[in-house]
Amino acid sequence: DQQVKQNSPSLSVQEGRISILNCDYTNSMFDYFLWYKKYPAEGPTFLISISSIKDKNEDGRFTVFLNKSAKHLSLHIVPSQPGDSAVYFCAASEVGNTPLVFGKGTRLSVIA
Amino acid sequence: DAGVTQSPTHLIKTRGQQVTLRCSPKSGHDTVSWYQQALGQGPQFIFQYYEEEERQRGNFPDRFSGHQFPNYSSELNVNALLLGDSALYLCASSFRQAANEKLFFGSGTQLSVL
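Chains as they are written, first to last, in this note's numbering: chain L, 13 to 124; chain P, 8 to 121.
Hints are supplied without guarantee of correctness; some may be wrong.
[Unchecked claim] If you want a taste of the chain L side facing chain P, the calculated C-beta under 7 Å gives, among others: (1) 44; (2) 52; (3) 58; (4) 61; (5) 82; (6) 91; (7) 93; (8) 101; (9) 105; (10) 106; (11) 111; (12) 114; (13) 115; (14) 116.
[Said to hold, decoys possible] In silico DSS-like cross-links for lysine-lysine, where the CA-CA straight-line distance does not exceed 25 Å: (15) P:33 / P:109; (16) L:68 / L:17; (17) P:33 / L:80; (18) L:66 / P:33; (19) L:66 / L:80; (20) L:68 / L:83; (21) L:80 / L:116; (22) L:83 / L:116; (23) L:17 / L:83; (24) L:17 / P:109; (25) L:66 / L:17; (26) L:83 / L:66; (27) L:68 / P:109; (28) P:109 / L:66; (29) L:17 / L:80; (30) P:109 / L:83.
[Unchecked claim] Covered by chain L, per the in silico footprint, the following chain P stretches (three or more residues, Cβ under 8 Å): (31) 30 to 41; (32) 96 to 106; (33) 113 to 119.
Please keep in mind that the hints were generated in silico from the structure rather than gathered at the bench.
Think of the CB as a built atom: it goes at the ideal place given N, C-alpha and C, for glycine as much as any other residue.
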């Protein structure tokens, strides 16, 4: 029973264009959402987060959008760069620093 | 400033054996969490150690156990290994049980069970 779903295993985007990675969740108790990036042979690294009281959070080229009614969030990367090629994990947690629940990840390939 | 370090990086075991994985947290961190990432899956929470005690546990059998030492380092032990235990085991550290973006991950130990 997956509480966090990333339905696209992979995504290919041209350099300079926008990358949009999607994530859906089923647990209505989730109130904090994060995106992690993972390169091969490295651990996941935190990218950007959003609290359930917001619908958008921006950090440089990365923006996360949250639609609570649809239980959906997305990560936008603009412009995409070859160095952004990695696996992106969506994660969520409930109130009170509960353990993160991760999706299966989406492999992003940015083609020069 | 050393980040989270894990050893060994790779390990091959056979079914029924026991394995111990090790983790040293990032400097200044006192909490260690362990995650299992099976092939094609996202990391799944195993348990968290803080003040040398298991504080939270995910849906994993008792074959998975751990320990935290006074210097905050931690071990993950898996007994009676099954083929399905083959995975990347990630250690993450934080301060005072903080989660979310304050979690820092190591590069993991790749365990193969034959």
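Evaluated hints:
Among the interface hints, the one on residue 44 of chain L holds; its C-beta lies about 6 Å from the nearest C-beta in chain P, closer than the 7 Å criterion. A distance limit of 7 Å between C-beta atoms decides the matter here; for residue 52 of chain L the minimum to chain P is near 10 Å, and the interface restraint is violated. Nearest Cβ of chain P to the Cβ of residue 58 of chain L: about 5 Å, under the 7 Å cut. The hint holds. Satisfaction of the interface hint for residue 61 of chain L is found here, the shortest Cβ-Cβ separation to chain P being roughly 5 Å, below the 7 Å cut-off.
Annotation: residue 82 of chain L was flagged as interfacial toward chain P, and the flag is violated, the nearest CB pair being 21 Å apart, outside 7 Å. The criterion of a C-beta within 7 Å of any C-beta in chain P is not met by residue 91 of chain L, whose closest approach is roughly 24 Å, and the hint is violated. With a least beta-carbon distance of about 22 Å to chain P, the hint placing residue 93 of chain L at the interface is violated under the 7 Å criterion. Because the closest C-beta pair between residue 101 of chain L and chain P is about 5 Å apart, less than 7 Å, the hint holds.
Among the interface hints, the one on residue 105 of chain L holds; its C-beta lies about 6 Å from the nearest C-beta in chain P, closer than the 7 Å criterion. Annotation: residue 106 of chain L was flagged as interfacial toward chain P, and the flag is violated, the nearest CB pair being 10 Å apart, outside 7 Å. Checking residue 111 of chain L against chain P: minimum C-beta separation of about 4 Å stays under 7 Å; hint holds. For residue 114 of chain L, the shortest C-beta to C-beta distance to chain P is roughly 3 Å, which falls under 7 Å, so the interface hint holds.
Using the Cβ-Cβ criterion of 7 Å, the hint placing residue 115 of chain L at the interface with chain P is satisfied: the shortest such distance is roughly 5 Å. At its closest, the beta carbon of residue 116 of chain L sits 5 Å from a beta carbon of chain P; the interface hint therefore holds under the 7 Å criterion. Between the alpha carbons of residue 33 of chain P and residue 109 of chain P the distance comes to roughly 11 Å, so the proposed pair stays at or under 25 Å and holds. Pair hint residue 68 of chain L plus residue 17 of chain L holds up; C-alpha atoms about 20 Å apart against a cutoff of 25 Å.
Note on residue 33 of chain P and residue 80 of chain L: the hinted pairing is violated, with a Cα-Cα distance of about 34 Å set against a maximum of 25 Å. Restraint check for residue 66 of chain L and residue 33 of chain P: not satisfied, since their Cα atoms lie roughly 30 Å apart, outside the 25 Å limit. At roughly 9 Å between alpha-carbon atoms, residue 66 of chain L and residue 80 of chain L fall within 25 Å of each other, so this suggested pair holds. With a C-alpha separation of about 14 Å, the suggested pairing of residue 68 of chain L with residue 83 of chain L holds against the 25 Å cut-off.
Among the hinted pairs, residue 80 of chain L with residue 116 of chain L is consistent with the structure: their alpha-carbon atoms are about 20 Å apart, no more than 25 Å. For the hint pairing residue 83 of chain L with residue 116 of chain L, the CA-to-CA distance comes to about 17 Å; that is within 25 Å, so the pair holds. For the hint linking residue 17 of chain L to residue 83 of chain L, the alpha-carbon distance of about 11 Å falls within 25 Å, and the restraint holds. The suggested pairing of residue 17 of chain L with residue 109 of chain P holds, with an alpha-carbon distance near 23 Å, which does not exceed 25 Å.
In summary, the hint linking residue 66 of chain L to residue 17 of chain L is supported, as the alpha carbons are separated by about 21 Å, within the 25 Å threshold. Of the pairs offered as hints, the one joining residue 83 of chain L and residue 66 of chain L holds, with about 13 Å between alpha carbons and a cut-off of 25 Å not exceeded. Proximity of residue 68 of chain L to residue 109 of chain P is assessed by CA-CA distance (about 20 Å); at most 25 Å being required, the pair is judged to hold. For the given pair, residue 109 of chain P sits about 19 Å from residue 66 of chain L by alpha-carbon distance, which is consistent with the 25 Å threshold.
A C-alpha spacing of about 15 Å is found between residue 17 of chain L and residue 80 of chain L, which places the hinted pair at or below 25 Å, so the restraint holds. Proximity of residue 109 of chain P to residue 83 of chain L is assessed by CA-CA distance (about 24 Å); at most 25 Å being required, the pair is judged to hold. Counting residues of the segment 30 to 41 of chain P whose CB lies closer than 8 Å to any CB of chain L gives 1, which falls below the minimum of 3, so the coverage claim is violated. Beta-carbon proximity to chain L at under 8 Å applies to 5 residues in the segment 96 to 106 of chain P; the threshold of 3 is reached and the given coverage holds.
Counting residues of the segment 113 to 119 of chain P whose CB lies closer than 8 Å to any CB of chain L gives 3, so the stated coverage by that chain holds, three being the minimum.
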